[in-house]
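Those protein sequences? They're chains E and R, same order as listed.
The numbering of the first sequence is this note's numbering, which starts it at 1 and goes up by one.
The numbering of the second sequence is this note's numbering, which starts it at 1 and goes up by one.
If you're looking for bench data, these hints aren't it; they were derived computationally from the structure.
Since the structure is predicted, the reported quantities are computational estimates derived from the model, not experimental observations.
For glycine and all other residues, C-beta sits at the position ideal for the given N, C-alpha and C.
Careful, some of the hints might be misleading.
Said to hold, decoys possible - Here are some of the chain E residues that sit facing chain R, going by a computed Cβ distance under 7 Å:
hint, residue
1, I59
2, A66
3, I89
4, D91
Chain by chain, the residues:
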Amino acid sequence: MTDPITSAPLPDDAGAETVCVLRLYVAGTSPRSTTALANLRRLCEDNMHGRYELEVIDILEHPELAASDNVVAIPTLIRKLPPLLRKVIGDLSDTEQVLMGLELLPVGRKQPA
Amino acid sequence: MTATTAPGLSKAATGIAGLDELTRGGLPRGRPTLVCGDAGSGKTLLGMEFLVRGATQFDEPGVFVTFEEQTADLVANFRSLGFDVAALIAQGKLAVDHVHVERSEIAEVGDYDLEGLFVRLGHALDKIGAQRIVIDTLEALFAAFDNTNLLRAELRRLFRWLRQRGVTAVITGERGDGILTRHGIEEYVSDCVIVLDHRVVAQSATRRLRIAKYRGSAHDTGEFPFLIGERGISVLPITSLALAHEVSSERVSTGIARLDAMLAGGGYYRGSSILVTGTAGTGKSSVAACFVDAACRRGERALYVAFEESPSQIVRNMRSIGVDLGVWVDSGMLRFEAERSSTLGLELHLAKLHRAVDEYQPQVVVIDPVSNLDTVGSKLEVRAMLTRVIDFLKSRQITSLATSLAHAGDRGEAPEMTSVDISSLMDTWILLRNLEYGAERNRVVHLLKSRGMAHSNQVREFVMSDRGIDLTDVYVGGGGVLTGSARRELEAKEREAAVAHQQDLELRQRALARKRVVLDAQLSALRTTFEGEEEELGRLLSEHLQQASRMKGDHDVIAQLRGHDGVTSGGK
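My request is simple: use the sequences and hints to build the entire structure.
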């Protein structure tokens with residue numbers, strides 16, 4: 001039951017282990033940034049354990065990178081892979097909405113079940 | 001200048017033609033200025049020109065933050081206006097950051113702020129040491145984010161941040177319905193607000209600029225037309241002239257000797273404005289051509305702005321009255337600027353005139369005819385534009401002659417009613433009229449006014465021939481003013497009457513002479529008779545005397561015979 005559904009939204013996942021490359025932009029250790037990072041870590045572990053890569057970029061340290069990914073809001077979470085760029089902004093407090101925003105929802109819904 | 005600006009308010013010159021005059025020096029330094037207008041009103045250009053001129057003329061590098069256009073597009077667009085954005089970027093004098101926010105790609109989950117934008121702006125500013133920044137169009141953010149409350153808080157923070165950074169900022173915003181900007185961002189910008197407007201009147205686009213607000217500084221408050229030309233924006237301020245131009249008392253010939261005579265013997269004042277009005281075919285262009293010809297003969301440069309005829313047509317037509325403008329064109333003394341009035345908006349015409357005058361430096365300008373501008377603007381606008389033209393030309397001591405087509409008589413208006421009511425602006429007003437009488441039309445010229453000189457108040461007939469224009473006296477009699485063949489006919493009649501009178505007199509003289517002959521004859525006859533009678537009488541008398549003496553002799557003889565004793569006894 002789980003397999004057909006997980007493979008449907010992730011067609012690139014042809015048996016490979018890495019399915020999702022995420023990048024989170026934060027600004028130092030601002031409360032929102034800290035909250036977002038904690039929320040994201042939990043979310044990934046819960047839903048995509050071992051099948052994701054997460055890169056955290058502090059724009060205060062690397063301001064030049066903000067332009068390259070067209071970051072305006074902080075925190076910004078970007079799904080680099082699978083293709084079709086998705087962005088979620090905010091402190092990522094609602095796991096389901098984050099997964100929906102990243103279009104990874106089916107995984108999130110089925111995994112805890 | 002010092003009195004018009006609050007102390008402590010420093011200004012950053014924009015370098016944009018005319019705008020620094022309107023703002024008395026530029027935009028508030030270190031503060032944000034809001035530039036709002038509809039799509040296509042020139043906001044982006046104004047912003048970019050502010051940065052390009054800042055970087056090239058004032059050594060103030062700048063950052064252009066665009067929400068709408070790709071950097072490559074911007075570079076390409078501004079290259080056509082002569083701004084080499086790419087080179088400035090390469091030299092580190094300009095930085096462009098394209099902030100692309102695609103609503104469909106973004107999901108909002110929880111709280112966020114726009115720190116990313118701040119960091120990017122800060123980074124771009126630091127990288128090139130920018131003192132100027134343009135954010136075009138900030139309101140794009142409202143389309144990108146759902147949380148309007150959060151956005152407003154962040155915008156407020158942004159403007160505070162910009163002030164703290166001390167950069168001179170231009171923020172553009174889309175014009176909203178009844179409000180300055182669609183999302184009311186003017187509430188965050190209290191220092192300076194510039195409104196751009198782009199209206200289409202009679203199929204011609206008209207751009208206008210207005211300074212809605214400038215805290216702590218005097219500024220011009222009207223709407224000022226501006227144009228986007230090959231060298232960016234030019235705003236055309238009107239009030240900077242302030243009617244303070246120098247006047248000359250030097251005279252320049254009209255090119256028509258008799259008209260010079262009517263103008264107190266000297267012609268127009270140098271630097272004055274002349275209006276020539278008249279209905280179609282009254283010879284307005286001919287008056288203009290004579291004026292141009294005279295100017296070129298004096299060695300002055302003339303600019304002929306033609307709205308109706310092509311230069312070659314004008315040259316050809318004027319040859320028919322013995323004025324060869326072609327030689328002046330060839331020698332560079334005369335330049336034509338011909339354009340259908342309807343092809344450009346009023347402002348563009350005005351701007352083209354400014355540029356032509358700047359480039360060519362003429363002493364004489366002819367606009368033929370100004371009334372054609374009616375097609376591209378309302379009466380009020382045309383008048384406003386012409387006021388600017390005239391003021392501008394006067395300020396340069398350029399003598400200007402404008403012709404204007406009048407529709408006199410069509411609706412029973414007086415001929416003095418010009419279609420473009422600009423006569424009050426003009427110093428000298430010449431009215432050309434057609435008088436119809438006896439199946440022909442003849443031209444007459446009136447000098448309705450000429451400021452500052454005792455001009456003739458008489459009507460003259462305006463006669464055009466291949467030897468040029470001549471003015472002749474009109475016949476003024478009991479039947480009114482007569483011109484043309486009616487005048488000639490009447491003059492002929494008068495000549496005939498004089499001849500007839502002369503003949504009559506001669507006849508009478510001859511009759512009298514004859515009478516004198518008769519009289520003389522009679523006199524001599526009478527005298528002859530008289531003499532005859534006198535002669536007769538004389539003869540009778542002498543006869544009588546002879547008889548008497550003879551009788552006496554006889555008597556003496558008788559007496560002797562009778563023995564006269566020597567005593568006269570007397571008696572018989």
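To see whether the hints hold, each was checked on the structure:
Given hint, E:I59 at the interface with chain R, holds; its Cβ is 5 Å from that chain's nearest Cβ, closer than 7 Å. Given hint, E:A66 at the interface with chain R, holds; its Cβ is 5 Å from that chain's nearest Cβ, closer than 7 Å. Interface restraint check: E:I89 against chain R, minimum CB-CB distance 5 Å, threshold 7 Å, status holds. With a cut of 7 Å, the hint placing E:D91 at the interface with chain R holds, because the nearest CB-to-CB distance is about 4 Å.
Of the numbered hints given earlier, the model fails none.
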